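Undergrad: For the record, the sequence lines run as chains A and B.
Each step along the first sequence adds one to the number in this note's numbering, with nothing skipped, and position 371 is 371.
Each step along the second sequence adds one to the number in this note's numbering, with nothing skipped, and position 100 is 100.
Hints are computed from structural coordinates only; laboratory data are not their basis.
Here the structure is a predicted model, which is why all the values come from computation and not from measurement.
C-beta: ideal position from N, C-alpha, C; glycine also.
Just so you know, not all the hints are guaranteed correct.
Cβ-Cβ distance ranges computed for the label pairs, FRET-style [claimed, not checked]:
{"id": "1", "chain 1": "B", "residue 1": "Lys-132", "chain 2": "A", "residue 2": "Asp-330", "range": "23 to 29 Å"}
{"id": "2", "chain 1": "B", "residue 1": "Arg-209", "chain 2": "A", "residue 2": "Asp-330", "range": "34 to 40 Å"}
{"id": "3", "chain 1": "A", "residue 1": "Arg-101", "chain 2": "B", "residue 2": "Arg-358", "range": "48 to 54 Å"}
{"id": "4", "chain 1": "A", "residue 1": "Thr-346", "chain 2": "B", "residue 2": "Asp-41", "range": "26 to 32 Å"}
{"id": "5", "chain 1": "A", "residue 1": "Ser-109", "chain 2": "B", "residue 2": "Glu-78", "range": "41 to 47 Å"}
{"id": "6", "chain 1": "A", "residue 1": "Thr-346", "chain 2": "B", "residue 2": "Cys-133", "range": "20 to 26 Å"}
{"id": "7", "chain 1": "B", "residue 1": "Glu-147", "chain 2": "A", "residue 2": "Arg-30", "range": "44 to 50 Å"}
{"id": "8", "chain 1": "A", "residue 1": "Val-242", "chain 2": "B", "residue 2": "Arg-30", "range": "48 to 54 Å"}
{"id": "9", "chain 1": "A", "residue 1": "Pro-87", "chain 2": "B", "residue 2": "His-315", "range": "42 to 48 Å"}
{"id": "10", "chain 1": "B", "residue 1": "Asp-240", "chain 2": "A", "residue 2": "Lys-132", "range": "39 to 45 Å"}
{"id": "11", "chain 1": "B", "residue 1": "Pro-93", "chain 2": "A", "residue 2": "Glu-337", "range": "56 to 62 Å"}
Number of protein chains: 2
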Amino acid sequence: MASVRADAEESATFLKIARAVEAYERDAERLLARWRKRLEDASLTRYARVLDAHRARVETRGTACVRTNGEFLRKALETFVDNELAPEHLRIPSDAFEAWRRDETFRASADDVDKVRYVLKNVWRDWSEEGKCERTPVYEAIFQGLEEVLGTIDPEIGNPDGEAPRVLVPGCGLGRLVYELAKRGYDAQGNEFSYYMLLFSSFMLNATREVGELGVCPWMHGRSNHRAADDMWRETRVPDEVPGDARLPPGACMSMAAGDFAAVYGDPRESGAWDAVVTCFFIDTGHNVVEYLECVANCLRPGGVWVNFGPLLYHWEEYAHEMSVELSLDEVLIAAESFGLEIRRTRTASADYTSDPRSMHRTTYACECIVAVKRAT
Amino acid sequence: MASVRADAEESATFLKIARAVEAYERDAERLLARWRKRLEDASLTRYARVLDAHRARVETRGTACVRTNGEFLRKALETFVDNELAPEHLRIPSDAFEAWRRDETFRASADDVDKVRYVLKNVWRDWSEEGKCERTPVYEAIFQGLEEVLGTIDPEIGNPDGEAPRVLVPGCGLGRLVYELAKRGYDAQGNEFSYYMLLFSSFMLNATREVGELGVCPWMHGRSNHRAADDMWRETRVPDEVPGDARLPPGACMSMAAGDFAAVYGDPRESGAWDAVVTCFFIDTGHNVVEYLECVANCLRPGGVWVNFGPLLYHWEEYAHEMSVELSLDEVLIAAESFGLEIRRTRTASADYTSDPRSMHRTTYACECIVAVKRAT
Numbered sequence: 001m002a003s004v005r006a007d008a009e010e011s012a013t014f015l016k017i018a019r020a021v022e023a024y025e026r027d028a029e030r031l032l033a034r035w036r037k038r039l040e041d042a043s044l045t046r047y048a049r050v051l052d053a054h055r056a057r058v059e060t061r062g063t064a065c066v067r068t069n070g071e072f073l074r075k076a077l078e079t080f081v082d083n084e085l086a087p088e089h090l091r092i093p094s095d096a097f098e099a100w101r102r103d104e105t106f107r108a109s110a111d112d113v114d115k116v117r118y119v120l121k122n123v124w125r126d127w128s129e130e131g132k133c134e135r136t137p138v139y140e141a142i143f144q145g146l147e148e149v150l151g152t153i154d155p156e157i158g159n160p161d162g163e164a165p166r167v168l169v170p171g172c173g174l175g176r177l178v179y180e181l182a183k184r185g186y187d188a189q190g191n192e193f194s195y196y197m198l199l200f201s202s203f204m205l206n207a208t209r210e211v212g213e214l215g216v217c218p219w220m221h222g223r224s225n226h227r228a229a230d231d232m233w234r235e236t237r238v239p240d241e242v243p244g245d246a247r248l249p250p251g252a253c254m255s256m257a258a259g260d261f262a263a264v265y266g267d268p269r270e271s272g273a274w275d276a277v278v279t280c281f282f283i284d285t286g287h288n289v290v291e292y293l294e295c296v297a298n299c300l301r302p303g304g305v306w307v308n309f310g311p312l313l314y315h316w317e318e319y320a321h322e323m324s325v326e327l328s329l330d331e332v333l334i335a336a337e338s339f340g341l342e343i344r345r346t347r348t349a350s351a352d353y354t355s356d357p358r359s360m361h362r363t364t365y366a367c368e369c370i371v372a373v374k375r376a377t
Numbered sequence: 001m002a003s004v005r006a007d008a009e010e011s012a013t014f015l016k017i018a019r020a021v022e023a024y025e026r027d028a029e030r031l032l033a034r035w036r037k038r039l040e041d042a043s044l045t046r047y048a049r050v051l052d053a054h055r056a057r058v059e060t061r062g063t064a065c066v067r068t069n070g071e072f073l074r075k076a077l078e079t080f081v082d083n084e085l086a087p088e089h090l091r092i093p094s095d096a097f098e099a100w101r102r103d104e105t106f107r108a109s110a111d112d113v114d115k116v117r118y119v120l121k122n123v124w125r126d127w128s129e130e131g132k133c134e135r136t137p138v139y140e141a142i143f144q145g146l147e148e149v150l151g152t153i154d155p156e157i158g159n160p161d162g163e164a165p166r167v168l169v170p171g172c173g174l175g176r177l178v179y180e181l182a183k184r185g186y187d188a189q190g191n192e193f194s195y196y197m198l199l200f201s202s203f204m205l206n207a208t209r210e211v212g213e214l215g216v217c218p219w220m221h222g223r224s225n226h227r228a229a230d231d232m233w234r235e236t237r238v239p240d241e242v243p244g245d246a247r248l249p250p251g252a253c254m255s256m257a258a259g260d261f262a263a264v265y266g267d268p269r270e271s272g273a274w275d276a277v278v279t280c281f282f283i284d285t286g287h288n289v290v291e292y293l294e295c296v297a298n299c300l301r302p303g304g305v306w307v308n309f310g311p312l313l314y315h316w317e318e319y320a321h322e323m324s325v326e327l328s329l330d331e332v333l334i335a336a337e338s339f340g341l342e343i344r345r346t347r348t349a350s351a352d353y354t355s356d357p358r359s360m361h362r363t364t365y366a367c368e369c370i371v372a373v374k375r376a377t
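Based on the provided sequences and hints, a complete structural model is requested.
TA: Structure, rendered in structure tokens:
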């Protein structure tokens with residue numbers, strides 16, 4: 001009975017999120033309307049000579065960008081409408097979907113509006129050619145950490161005996177790292193809690209057919225710090241690779257598991273079941289980093305490797321009524337050791353996260369790449 | 001009559017801000033209490049071994065930091081209590097001050113709490129030895145821009161004829177740049193709208209007596225992205241220089257003017273009155289960047305120089321019901337030209353702003369240093 005209720009709640013949560021995605025175009029049009037109204041203010045009449053070209057750009061390019069993003073999001077959603085091949089927790093009943101489209105009064109919460117826009121930036125990061133500037137240096141550091149402990153895999157030979165190293169990637173977002181690990185011969189499993197990420201990772205991994213078939217305009221929702229007038233309106237084509245077309249090395253494979261990392265992988269059945277755990281911009285996303293470290297240690301077999309890459313931007317810090325444990329990096333390392341994770345090395349590496357490379361404002365993290373090995377005892 | 005009411009409103013605004021400063025310790029103690037409560041949660045009992053040292057640090061060092069900051073802020077406030085030498089708009093009546101201290105129920109708005117904490121970071125940036133890493137490269141770029149057009153001033157000789165170049169610095173914050181310009185022989189005037197900045201710039205410029213006499217702990221209010229456990233609790237001593245002790249070059253001087261930049265300097269009486277206008281992290285702070293550029297052009301004499309350093313982080317962008325004009329950099333340059341500011345050169349320079357240099361998260365701006373000359377016609 002409890003699990004039935006839990007399922008109903010889960011389904012309601014998922015449908016709320018899918019509906020916020022469906023509402024994107026109307027939300028973004030309200031944003032354009034706000035900009036338009038400001039620019040039509042009487043106090044600006046005397047600056048017409050300076051502002052006319054600017055206004056025209058907001059009008060024509062803004063409208064086109066909203067349409068491009070709307071098309072991308074709608075196409076993703078439609079993939080899950082009454083789709084019996086989709087995972088059960090990601091199916092959208094067609095009657096609900098049609099009702100949403102007819103209801104013009106609905107407004108997603110401010111938080112959901114932000115999250116939909118954040119999906120578009122993550123699509124840029126994970127699945128565009130331009131996003132390589134962010135993800136490649138990070139992934140290279142992670143692959144190197146894995147190889148230092150597990151050795152290298154020849155992608156031509158792979159693991160023909162079926163013994164591909166099992167790598168777990170909690171908080172895998174839109175799935176690119178999981179896919180890249182599989183391409184290198186690992187048996188990679190992604191884990192994710194957010195329905196936004198589950199929905200769009202499933203779409204990008206399973207439903208794309210052609211390189212560059214879709215467009216997103218991830219930078220159009222913010223008007224600050226643009227160098228050229230066209231920068232905010234530019235479109236990025238995705239995907240830069242079609243996962244369905246990839247020839248994985250023998251033995252390699254990839255899978256996705258939905259759910260909270262600590263709840264799913266803290267289970268005794270997962271104890272020692274993994275050769276590697278990769279936490280990439282992840283350990284600061286939970287309520288309790290210590291519990292996450294304990295869970296990483298639980299998953300790893302003796303001699304297995306933990307590779308971490310990221311800052312310590314604790315996501316729950318500002319939520320006054322939520323649990324949040326915030327350790328410094330040196331405290332994280334001490335906590336990891338206490339769970340039997342022997343720190344082999346750490347290295348600081350600068351990295352951006354969903355930050356427009358052309359912008360005058362960069363969110364740059366002095367990330368720590370940690371390589372640790374699970375002790376035998 | 002209208003101006004009397006305006007004065008009463010201004011006075012109320014100032015006292016609201018002074019009161020928020022007075023309330024700092026109680027606000028910060030509530031923050032410590034929140035952290036303490038989280039760390040005492042029953043779910044963390046099993047991690048006592050890992051968390052005990054962490055808890056003790058929050059307790060002892062947290063309490064000490066709040067006291068240090070509280071002392072700094074109180075000392076500044078007390079300087080203005082019934083002080084007849086202070087500017088009229090910055091005087092605090094002693095009866096109000098005493099009433100605030102007795103009222104333990106008062107809570108500053110979330111916005112004001114943030115602004116008080118931001119003052120502490122600005123004190124670090126402008127008036128500490130450690131803050132040099134942020135301000136020196138920026139100031140050097142600005143001095144170079146000024147000298148390219150106005151020539152150099154020998155600090156030993158200064159401007160003995162009394163003709164020191166008049167440099168206006170709108171949005172001068174805590175006044176360090178104004179002071180540094182005066183040290184180089186300019187007749188520098190700072191302009192500032194925020195009472196927070198007016199209060200604390202007046203304190204730092206006029207009321208400090210000894211290098212390092214005061215302490216601030218600017219990083220203690222955020223728990224994310226600390227590398228070492230002690231980083232967030234560290235104290236910085238200020239000032240690194242006592243402005244009152246400075247021997248300015250002959251002819252040099254400094255002054256401060258309170259008020260909105262466009263309202264004060266858009267006035268015909270200011271037309272052509274300045275040899276230079278320096279906008280440092282400023283042009284994006286107003287409601288209308290175009291009006292600011294017009295005002296810069298109005299102030300400058302023909303042949304005078306505008307030096308800009310900063311990003312385009314438009315402060316009013318997110319306020320749905322406020323006017324906000326947001327141009328890209330190339331549009332800013334076109335607008336400046338349209339007001340007779342001939343762009344001599346632009347150069348991109350990376351700079352941080354009140355960002356802990358030890359943190360794993362850096363707010364980095366790809367700033368533009370613009371040097372422009374006011375046309376004769």
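Undergrad: Take the hints in turn and mark each one as holding or not.
TA: Here is how each hint holds up against the structure:
A hinted range of 23 to 29 Å holds for the C-beta pair Lys-132(B) and Asp-330(A), which are about 26 Å apart. For the hinted restraint 34 to 40 Å between Arg-209(B) and Asp-330(A), the CB-CB distance of approximately 38 Å keeps it satisfied. In this structure the hint that Arg-101(A) and Arg-358(B) lie 48 to 54 Å apart at CB holds, the actual value being about 51 Å. For Thr-346(A) paired with Asp-41(B), a C-beta distance near 29 Å keeps the hint of 26 to 32 Å intact.
Evaluation of the 41 to 47 Å hint for Ser-109(A) and Glu-78(B) yields a pass: the beta carbon distance comes to about 45 Å. For the pair Thr-346(A) and Cys-133(B), the supplied restraint of 20 to 26 Å holds, since their beta-carbon distance comes to about 24 Å. Roughly 49 Å separates the CB atoms of Glu-147(B) and Arg-30(A), a value that falls within the hinted 44 to 50 Å. One distance hint, 48 to 54 Å for the beta-carbon pair Val-242(A) and Arg-30(B), holds here, with the actual separation near 53 Å.
Against the hinted window of 42 to 48 Å, the Cβ-Cβ separation of Pro-87(A) and His-315(B) comes to about 44 Å, which satisfies the hint. With their beta carbons about 43 Å apart, Asp-240(B) and Lys-132(A) fall inside the hinted range of 39 to 45 Å. For the pair Pro-93(B) and Glu-337(A), the beta carbons lie near 57 Å from each other, so the given range of 56 to 62 Å is met.
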